[in-house]
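S.K.: Chains as they are written, first to last, in our numbering: chain C, 1 to 453; chain A, 1 to 453.
Careful, some of the hints might be misleading.
If chains are identical, the list can't say which one is meant, so a pair holds when it fits in one copy or spans any two.
As the list claims (entries may be wrong) - Cross-link-like lysine-lysine pairs, in silico, DSSO-like; alpha carbons within 27 angstroms at most:
#  : residue 1 : residue 2
1  : K59       : K354
2  : K59       : K421
3  : K162      : K201
4  : K31       : K201
5  : K149      : K162
6  : K354      : K209
7  : K27       : K59
8  : K421      : K30
9  : K354      : K162
10 : K31       : K59
11 : K31       : K280
12 : K421      : K354
13 : K354      : K280
For the record, the hints were derived by calculation from the structure and aren't laboratory data.
Protein chains: 2
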Amino acid sequence: MNERGYQLLQETIERLLRRNAYLHLNKVLKKTHPADIAHLLTLLNERSARNVFEHLPEKEIAANVLSELEPVFRSGFLQELEVNRLVEILSVMADDDTADLLADLPEERRQEILGLLSAEHTEDVSELLAYPEGTAGRIMTTDFLVLPKTLSAQNAIQEVRKAAEKEMVFYLYVTDEEGRLSGVLSLRQLVTAPDYTPLEKIMTQDVVKVNVTTDQEEVARMVSRYNLLAIPVVDHSNLLVGIITVDDVIDVIREEAAEDMLKMAGTSGEEINYYSSVWKNAKARLPWLFASWIGGIIAMNVIGAFSSGFSNRIAVFAILATFIPVVNGMGGNVGTQSLSIIVRGLATGRVDSKSIWREIFRESRVGLLLGVTYGILLALAGIVFTREGYVGVVAGIAMCVNMILASVLGTFLPLIAAKFKIDPAVASGPFIATSIDVVGATIFFLIAYVLLV
Amino acid sequence: MNERGYQLLQETIERLLRRNAYLHLNKVLKKTHPADIAHLLTLLNERSARNVFEHLPEKEIAANVLSELEPVFRSGFLQELEVNRLVEILSVMADDDTADLLADLPEERRQEILGLLSAEHTEDVSELLAYPEGTAGRIMTTDFLVLPKTLSAQNAIQEVRKAAEKEMVFYLYVTDEEGRLSGVLSLRQLVTAPDYTPLEKIMTQDVVKVNVTTDQEEVARMVSRYNLLAIPVVDHSNLLVGIITVDDVIDVIREEAAEDMLKMAGTSGEEINYYSSVWKNAKARLPWLFASWIGGIIAMNVIGAFSSGFSNRIAVFAILATFIPVVNGMGGNVGTQSLSIIVRGLATGRVDSKSIWREIFRESRVGLLLGVTYGILLALAGIVFTREGYVGVVAGIAMCVNMILASVLGTFLPLIAAKFKIDPAVASGPFIATSIDVVGATIFFLIAYVLLV
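So that you can see chain C by itself, here it is in the shape it has in the complex (with noise of 0.2 angstroms):
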């Protein structure tokens, strides 16, 4: 459905609330698909989207919308449900939708839903509950089919017949006695093969797979690398516990992305909310900002210390004033660039940790063309502008220094946080703009110092 399709499908449903209408609400509901019935929720004020959730046709929809909703709107949209009615939604909906679901809900709740919850239901939810966020633990599945490699290629059909309800068959895993990995066959590879075939003569033995404790987006990375349906998870006794499929591979991919966006901004990636209240969002946003705040002040009284160097020449000084926007401005924006493309290389894979020295000569190359072109331009833009030609040339001379710098910082922070295994991410946005800022305006006074007082 595109953007117009959810304003027709929003426009009727409010129609329908107004009327009371429903049992054509109802009707609607049931040809709709949960993602899409998902999305319009977010669409809806909050008392209409409860009313629609509440006239769900079948809790299997309901379950199938609960798992599709955006985490960040979900979890205010749980905190309201009546606990009978969850756990009635619950006990048809998948272990790890389940488990990511319940991860959300504070600890009280979650104990007495799990309570409430059949007891296998319970067991397997709890167990991927015990995996730390962002691993391939917490993020597969418990329920899927395995077949032992003994199995002739016939039965085995079988056995996909009466797996009807596990989740996507199209890689069959098989396993040894014990229950360890020892390969994995297509669904295709199983009906092209001749029916008395036992499962270990056609299976791959060489088995893409991961660890429970693997970090999700190194999962993420194996997946789209290998252009995989499915990876298989297993313990560190290679005990095959679990499968990823691509879908949740999707979302891992797109939430990282976002997360790595919003952090490099300064906004604490995962809580920035696009439904919740300004305060929580104002709230997210005031600590990374800090950074900056002190960075500004630490820049202010370096400029402070500057100008009474200058109090016999105030009129200068006054003049090399009015460049410190251009001159931090660039740098700032230099820096960022580099950043940016570190960050993202980091991602990907692209650029890793051991390079950061040939990185940092790149990097720093590019900023010495740019710092070039753009410090003459500055030179011929403080003649034309100021009465005071030369100091336009000085301000050109600090600008195409300070955004050398720049890149090299902007290379240099990302990649030696990566080394410490810190998200390079994190608010690198306003820590670079901020070191960029000191180091400017440091600089630029400091050239003009020597060359002008």
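We have chain C already, so just place chain A on it with the hints.
M.R.: Relative to the frame of chain C, chain A by itself:
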């Protein structure tokens, strides 16, 4: 394979190359996944990479390696490759990958190669190349299994068995006599159906599909929203012309996320390149910095104009100047936060261009909260650090106003761009930073002028 694995592989390969142990090299390459070889090539120096590529054991492996290579790295690689060798490799490559690859070559070379390929392959590839870049038509494959709706389940299974070389078969698309898409069924549905049922009784009629002209970002959104493994592509008369598989969609999502981030930082997304020359890298970044430079020059003249207003109180102007970095910097950072939130929201469909006023209202309140907080802090710092405390109070007021305005600008610009169908990510970072530099300097000195002169 992880980072450590690649390092070991690289060392092994380099050692074998130094010793000219090509037989051994051949064996190692045969055991390595093409995607891993592709990644390895980007780690080696140019000569070794070419050497490894020339020693790939089979043309099928070479084809897979080429399709897994980063497009930016690949184009340089292809230019050096002998035409006959390339044609040989392309002859075993899927249509969509061949089209993708040829699109990067100069027109003349592309035509030469198309002329040397088999007639059928040439036709299919030329058809794909006729669709504009970034559309569904360009990334689809035309090599897929299609079944008539009157076929029985049993016969359909026979067709699947025969179609071993077609692109991953897990969804089977069913068409009517004219080739119009009429339904879909999964391989699993087929396997579990009674032998003599015609496909039209088993298939799902409500197929999620896209048009050849649909934007690839929209394709990615649909595949991700509905958790699909593939999506069929139809032309204007609903004829089934291709399919897009989830692995290609993952590439699109990764590319678009990287592009957005790089564009926002002002590096013209697609052109930036982890392997190309420093000069090309600088050239891609230079134009976007120009916006920033112009802004800086305007800010310079604004401050210059005000400074003459302070001519009788030049000492006050000097103190004010020390506040420029903190006032501009904080505005820039808040604006970038708003910008990132909106650009990401637009990309993921959580924000749309119809809600401009709602988003601006929300962001301006966030800006107010942040502005008041840091405005008060700046006023206090001003009193502590400068001898003339009232200048600090003026700066605090100016920063508060500036931060509110920056939030609004950071929200407004991408939304208005989206409204006019301009990509909101394009170089928005430098534009925002610059607008805020100019507006910030004007507001700051205007408030100072009114209150202090």
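S.K.: Which numbered hints are broken by the structure, listed smallest first?
M.R.: 1, 2, 8, 9 and 11
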